[in-house]
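Residue numbering for the sequence shown follows the numbering used here, starting at 4 and increasing by one per position.
Hint data in this document are derived by calculation from the structure and do not stem from the laboratory. All values reported here derive from a predicted model rather than from experimental measurement. Treat each hint with caution, since some may be false.
Calculated pairs, DSS-like style, for lysine-lysine (alpha carbon to alpha carbon, straight line, at most 25 Å) [said to hold, decoys possible]:
#1 Lys72 / Lys39
#2 Lys54 / Lys39
#3 Lys75 / Lys103
#4 Lys72 / Lys101
#5 Lys101 / Lys39
#6 Lys75 / Lys94
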Amino acid sequence: MLATINNGCSTVHVYQAGGPQGREGGNQPGTEWESKPTSTFLWGAIRQDVKIENCVLGDGSRLNIEEIKVEKNFGRIVATVLTLGIWEPVKISWRCAKPKTTSHD
């Protein structure tokens, strides 16, 4: 039963189209997946934003975000239904893009 509760029931995957090889998931991220659980309250009137801090190079320059996933599992869906949408927990995951390379002609 615990496996059922923890497995993903709903996942929205946001990525940039036209990655290498012209296929979904063909993008080449620069980092592994990072995740953070977050929630919205009162039907979205109050939200917990996700602060992404790992998409920064050593010199302080920022990287783009390559992919984002918003996941809900069975337990999170039940919590949302039981609270009539007052509390909606989700898991946000992201991967950073590779740094842009400069070509020297």
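Here is what the structure says about each hint:
no. : hint           : in the structure
1   : Lys72 / Lys39  : holds (11 Å)
2   : Lys54 / Lys39  : holds (9 Å)
3   : Lys75 / Lys103 : violated (33 Å)
4   : Lys72 / Lys101 : holds (18 Å)
5   : Lys101 / Lys39 : holds (21 Å)
6   : Lys75 / Lys94  : holds (7 Å)
Of the numbered hints given earlier, the model fails hint 3 alone.
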